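A.B. asks: One-letter residues, chain by chain:
2 protein chains.
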Amino acid sequence: MALHFTSEQRLEDDVRERRFTLGEIPGILWTPASAPAPLILLGHPPLGLDKMYPRLAARARHAAADGFAAATIELPGSGDRPRWAAAEEARADLRRAREAGEPVSDEIIDALTLPLVDKAVPEWQATLDALLSLPDVGGPVGYSGGVISIGIRLAVVEPRIVAAGLFAGSYVPRAIFEQACQVTIPLHVLLQWDDEGNDRQAALDLFDAFGSAEKSLHANMGGHTGVPQHAGEGADRFFTRHLK
Amino acid sequence: MALHFTSEQRLEDDVRERRFTLGEIPGILWTPASAPAPLILLGHPPLGLDKMYPRLAARARHAAADGFAAATIELPGSGDRPRWAAAEEARADLRRAREAGEPVSDEIIDALTLPLVDKAVPEWQATLDALLSLPDVGGPVGYSGGVISIGIRLAVVEPRIVAAGLFAGSYVPRAIFEQACQVTIPLHVLLQWDDEGNDRQAALDLFDAFGSAEKSLHANMGGHTGVPQHAGEGADRFFTRHLK
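Quick note, the sequences are listed as chains A and B, same order. Quick note on the working numbering: the first sequence kicks off at 1237 and runs consecutively. Quick note on the working numbering: the second sequence kicks off at 1237 and runs consecutively.
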């Protein structure tokens, strides 16, 4: 797939932000003044790049301040990208289950997540192919945040990713859970102790299952979006330890 | 109880180390060049100050580099301080239970810990009285590490302690566990995920029970003594956030 830059702007602190398309996939690349810089892939929930832009740009500026390039792409089925019917149905089922106060079934979790992972992971890999060929982006590569199932699968199949910061903030299909033991790169896992959209015990079991010799879990109080600033800074230092 | 300084030396980085006695209790005070400095009380396991000295001095130098004074005292029944028969028996019972691969009973945990907490906590408070009257030691005060049951009781009864870094590394008597909900100061809790001397689920339950609105859990791989350097640095930053 061919990479085309579509726009460019300078943010404060001399960070260069370039929007691109990779085939049909929109994305954004941020690079610091110092180049070539190691790359952090910024994962995000499937809410659309436009909606996520302020938080992504803030994370990218933090990364640039630490000397990292950062990049993200629109997830399949988000933003202006085509939906698929099964995902729409699964989302409706999830909403119904939550409103009824019922447990979210494995079927819903699988339908919601597995096709997304299957589509998104090769796209992240194609993005890596394209970005790593640019003169101002180098290795090694880290993956940060977003849908944890995508992070797990990427950590298993993509050897260019050498460290991952994961957010234990969404349901993980059994098939993905069972791959956790194959993850061997250093992991920095954030957990919101009272996350309304996440089962705490399942998150602890997942952390335990990862095969990595170096993994750390950082649990903080509050709900899904309440990650405290110092926890984000701890994740920044994790990447500095492992990508520099 | 009267505080008497018994020796003084300068460590590197202009850290001043003074040994003292408070009544019958030996202790050590480290102060940075900048004074008055907020104080961190350095807890430690009951293995004797002489044995613990290298690790305590290293922690004190880190604290001084962040602008903190640090102090520690010999625990009751450790070092040259008088033993008491019940604690010696409990220690022997613990050893026997572990060698036999049996669970450690509540009776052993209580006998090992409750008298130690009852004796140690007023001694730490008397140490605070004495040290806070010195011109180069100021508030606020943090408590760091050591026997977690002592840290919990201190956090409940001593209002001058405004933040605590605790190490989930030892058995906690039921009576102390039940006080955890009364702890309301910010907490930074370290957990070694595969700690041979600690029950992981009990440590997670204890973390959940703390009443503090701001508490964070930092779990790392490895056994009791394998706390990685970056985890210690995270605890340093916690005190900088809360004592400065």
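Keep in mind the hints are simulated off the structure, nothing from the lab. One or more hints might be untrue.
[Stated by the list, open to error] What follows is a list of derived Cβ distance ranges for each label pair:
{"id": "1", "chain 1": "A", "residue 1": "Ala-1238", "chain 2": "B", "residue 2": "Asp-1435", "range": "54 to 62 Å"}
{"id": "2", "chain 1": "A", "residue 1": "Thr-1476", "chain 2": "B", "residue 2": "Gly-1462", "range": "53 to 61 Å"}
{"id": "3", "chain 1": "B", "residue 1": "Asp-1444", "chain 2": "A", "residue 2": "Thr-1476", "range": "29 to 37 Å"}
All of these numbers come straight from a predicted model, not from anything done at the bench. Note that CB positions come from ideal geometry on N, CA and C, so glycine has one too.
A.B. asks: Hint by hint, note whether the structure agrees.
C.D. replies: Results for each hint:
no., hint, verdict
1, A/Ala-1238 to B/Asp-1435: 54 to 62 Å, "56 Å, holds"
2, A/Thr-1476 to B/Gly-1462: 53 to 61 Å, "22 Å, violated"
3, B/Asp-1444 to A/Thr-1476: 29 to 37 Å, "31 Å, holds"
In summary, the one numbered hint that this structure violates is 2.
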